[in-house]
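If you read the protein sequences in the order shown, they are chains S and F. Letter by letter, the first sequence follows residues 425 to 842 in the numbering used here. Letter by letter, the second sequence follows residues 425 to 842 in the numbering used here.
I should point out that these hints are in silico values taken from the structure, not numbers from a laboratory.
Since the list can't tell identical chains apart, any single copy or any two copies may satisfy a pair.
Calculated cross-link-like contacts (lysine-lysine; reagent style DSSO-like; alpha-carbon spacing at most 30 Å):
1. Lys804 - Lys707
2. Lys707 - Lys617
3. Lys589 - Lys777
4. Lys804 - Lys742
5. Lys570 - Lys514
6. Lys703 - Lys804
7. Lys703 - Lys617
8. Lys777 - Lys617
Number of protein chains: 2
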Amino acid sequence: MADNGISRRRLIGTAGATGLALGAAGGAAGYAAAPSDASGASSTGRAASLTSLGTDEVMFHGKHQPGITTPVQSRGHLVAFDLAAGAGRKEAAALLRRWSATAERLMAGKATTGEDTDVARDAGPSSLTVTFGFGHSFFGRTGLEKQRPSALDPLPDFSSDHLDKARSDGDLWVQIGANDPLVAFHALRAIQKEAGDAARVRWQMNGFNRSPGATAQPMTTRNLMGQIDGSNNPKPSQDDFDRRIYVPASGAAQGPSWMAGGSYVVVRRIRMLLDDWEKLGVKDQEAVIGRHKSDGSPLTGGMETTEPKLEKAGADGKYVIALNAHARITRPDQNGGSAMLRRPFSYHDGFDKGGEPDAGLLFVCWQADPLRGFVPVQRKLDRGDALSEFIRHEASGLFAVPGGAAKGEYVGQRLLEG
Amino acid sequence: MADNGISRRRLIGTAGATGLALGAAGGAAGYAAAPSDASGASSTGRAASLTSLGTDEVMFHGKHQPGITTPVQSRGHLVAFDLAAGAGRKEAAALLRRWSATAERLMAGKATTGEDTDVARDAGPSSLTVTFGFGHSFFGRTGLEKQRPSALDPLPDFSSDHLDKARSDGDLWVQIGANDPLVAFHALRAIQKEAGDAARVRWQMNGFNRSPGATAQPMTTRNLMGQIDGSNNPKPSQDDFDRRIYVPASGAAQGPSWMAGGSYVVVRRIRMLLDDWEKLGVKDQEAVIGRHKSDGSPLTGGMETTEPKLEKAGADGKYVIALNAHARITRPDQNGGSAMLRRPFSYHDGFDKGGEPDAGLLFVCWQADPLRGFVPVQRKLDRGDALSEFIRHEASGLFAVPGGAAKGEYVGQRLLEG
Numbered sequence: 425m426a427d428n429g430i431s432r433r434r435l436i437g438t439a440g441a442t443g444l445a446l447g448a449a450g451g452a453a454g455y456a457a458a459p460s461d462a463s464g465a466s467s468t469g470r471a472a473s474l475t476s477l478g479t480d481e482v483m484f485h486g487k488h489q490p491g492i493t494t495p496v497q498s499r500g501h502l503v504a505f506d507l508a509a510g511a512g513r514k515e516a517a518a519l520l521r522r523w524s525a526t527a528e529r530l531m532a533g534k535a536t537t538g539e540d541t542d543v544a545r546d547a548g549p550s551s552l553t554v555t556f557g558f559g560h561s562f563f564g565r566t567g568l569e570k571q572r573p574s575a576l577d578p579l580p581d582f583s584s585d586h587l588d589k590a591r592s593d594g595d596l597w598v599q600i601g602a603n604d605p606l607v608a609f610h611a612l613r614a615i616q617k618e619a620g621d622a623a624r625v626r627w628q629m630n631g632f633n634r635s636p637g638a639t640a641q642p643m644t645t646r647n648l649m650g651q652i653d654g655s656n657n658p659k660p661s662q663d664d665f666d667r668r669i670y671v672p673a674s675g676a677a678q679g680p681s682w683m684a685g686g687s688y689v690v691v692r693r694i695r696m697l698l699d700d701w702e703k704l705g706v707k708d709q710e711a712v713i714g715r716h717k718s719d720g721s722p723l724t725g726g727m728e729t730t731e732p733k734l735e736k737a738g739a740d741g742k743y744v745i746a747l748n749a750h751a752r753i754t755r756p757d758q759n760g761g762s763a764m765l766r767r768p769f770s771y772h773d774g775f776d777k778g779g780e781p782d783a784g785l786l787f788v789c790w791q792a793d794p795l796r797g798f799v800p801v802q803r804k805l806d807r808g809d810a811l812s813e814f815i816r817h818e819a820s821g822l823f824a825v826p827g828g829a830a831k832g833e834y835v836g837q838r839l840l841e842g
Numbered sequence: 425m426a427d428n429g430i431s432r433r434r435l436i437g438t439a440g441a442t443g444l445a446l447g448a449a450g451g452a453a454g455y456a457a458a459p460s461d462a463s464g465a466s467s468t469g470r471a472a473s474l475t476s477l478g479t480d481e482v483m484f485h486g487k488h489q490p491g492i493t494t495p496v497q498s499r500g501h502l503v504a505f506d507l508a509a510g511a512g513r514k515e516a517a518a519l520l521r522r523w524s525a526t527a528e529r530l531m532a533g534k535a536t537t538g539e540d541t542d543v544a545r546d547a548g549p550s551s552l553t554v555t556f557g558f559g560h561s562f563f564g565r566t567g568l569e570k571q572r573p574s575a576l577d578p579l580p581d582f583s584s585d586h587l588d589k590a591r592s593d594g595d596l597w598v599q600i601g602a603n604d605p606l607v608a609f610h611a612l613r614a615i616q617k618e619a620g621d622a623a624r625v626r627w628q629m630n631g632f633n634r635s636p637g638a639t640a641q642p643m644t645t646r647n648l649m650g651q652i653d654g655s656n657n658p659k660p661s662q663d664d665f666d667r668r669i670y671v672p673a674s675g676a677a678q679g680p681s682w683m684a685g686g687s688y689v690v691v692r693r694i695r696m697l698l699d700d701w702e703k704l705g706v707k708d709q710e711a712v713i714g715r716h717k718s719d720g721s722p723l724t725g726g727m728e729t730t731e732p733k734l735e736k737a738g739a740d741g742k743y744v745i746a747l748n749a750h751a752r753i754t755r756p757d758q759n760g761g762s763a764m765l766r767r768p769f770s771y772h773d774g775f776d777k778g779g780e781p782d783a784g785l786l787f788v789c790w791q792a793d794p795l796r797g798f799v800p801v802q803r804k805l806d807r808g809d810a811l812s813e814f815i816r817h818e819a820s821g822l823f824a825v826p827g828g829a830a831k832g833e834y835v836g837q838r839l840l841e842g
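Next comes chain S alone, as it looks inside the complex (with noise of 0.2 Å):
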């Protein structure tokens, strides 16, 4: 019954053509466009956000994955599996064919093959993306210790770290991502069904970010203490964007040549300890981030995206953007020029018995080397970062993230059949 091979876009053709007249930036969002989750600063890349309702498709094949500069959607979720014993590289192989072919079909609005849960059935594609990585442990499980780059190496102990193993690391992971809520969760049962004996879910979290639509152009998305988030952002506009973000094709000192066009990403479930943040009021908070809250302009003026005057001194002859702020400390001059894309999607689960929510940020982050992206920002933060009072971080992972398959090609298949 399911209507497997007929894409659900054609259902709502209609409302694309006459129901919903779309803005000037109408087609689909492309993944090459640029990211959402920035500050205001990329309003040309902005404009896609607002157009994408049922009918925007993000192209699954290409030089690299996406939902890496997609932009980012309403709706996420994050989930890690582990290989079931006895499952080795012909499991894992069998299981990213048969991941990617589905991720390929969905992300076109199409059904699952098979049995269809209906869940996403009338909606469109709604932006959605589907990203496979790889952690540490499954080049052993798999016999690729040979093919583990040395990115993948464990993050170093942070003293800010108060990490849930259950919910860190992992086989594979994947990030699910959509403008629809039941598309996402389609998606997220379809990939956890597809897993079937070769492998189990080991942790799953849930987030989501602003709805297309509900800011004004360009979309400005902020987190759960309110504040715009990625103002460092590195612009896909930049020279240097890609070299930052993807490995490149050749090169060997940047690690094995099946993550050409790949990338690193780091997850953090970042906690936000809301009740104390609340507490200090606007000044206070804007003292801790370094910048205006209303518009993330710096304290030393300008907009957004003016360049912080971090030499700048007040009245009272103290640094208007103090030593420990965080806009200071996370300044990529002021870490050897290390820059990594941050990509995240707040969440909420609920209260805790004290009342207060937990809820915070799933910190995804993105780079073509994680020793100079998250690695030496984070060591930064470790030692003075003036919010570090207000924030815990509960879990963490650290995934090898393959370039695009090109079409008749699986994610990993360069790994895997290498």
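Go by the hints and put chain F onto chain S.
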């Protein structure tokens, strides 16, 4: 620093005017609009959903509270509070006054009074609704036993109940819905903050529905079993719609006069056993429900709005719609004409240790009298619904939701100052 008094709507005025050309059904979705949680029955009512972008505003003041016939939003929070020890009628009255003022401001896209968290900053009202109700225990704690409606008498026990008392009942209940998850979270946090020392959170649940624009018009939402939900909903176009859903202004048989224009809400957290359900296959699923999964039409033919032919037999001599089919048991004319307006959210709180999603339906239904709405239907379901082996009622609440506040009034004022 919070821009109190400045409507956030102004901030996105440009987008509304030029950035996005809305379709034919422009304008705010007033709360007299038809529910969108029902089937494809009411396409004129549904049309409003597709324009539910940031600028859409629902009115706080009116004959009825918002959030009952408002088109269902993509994000929802349900939260129950208990009055603090020592808090009585006076504190409750002050609380409802504060809550009403906050709801009115936020639904108009304004910041809170006092320091705002800024989480909803930049966003429009996004169809935010905030709805308040009183539980059975509220009346004892405030010395208002004489004003307690008999309709609030505890629901009977059902054999399929597996109720968690800690996530059931409560003195006060608040339903928050919005088409943007940050707008909804902002309101939840503001409501919690306003509770101050007068009340503390008893339980809280998060839900979701289809995003506006994800499907064609008429907008269709499904539950996590893949079913179109609410096909039996009474339609606002029906003569007796108001009589079924709202307590009339006069008629002592209907309960105390302070409930005029109000409604009773039954809230059930219904876990779906999705692994079992999905193993069934579509044919067997359709036999359980008595409707086609694809479009919600009865197995006896027609469209979703077609009346099921309950007497029709198949070639095998058996009823086409089985005696225990969900659609037969819940059909209004099988229950003395009882009817309720279902307006649910789906929920998904990660996976349990067995690898099954902790997911299902936050069933929310509205009626003038639970003894003629929810109770008789649930009694019949309890005895012989084929669906019952695939679901589990895990939490329950019943609340008296008074009529809407007139200008200058707060919700519940006629009770608390009566």
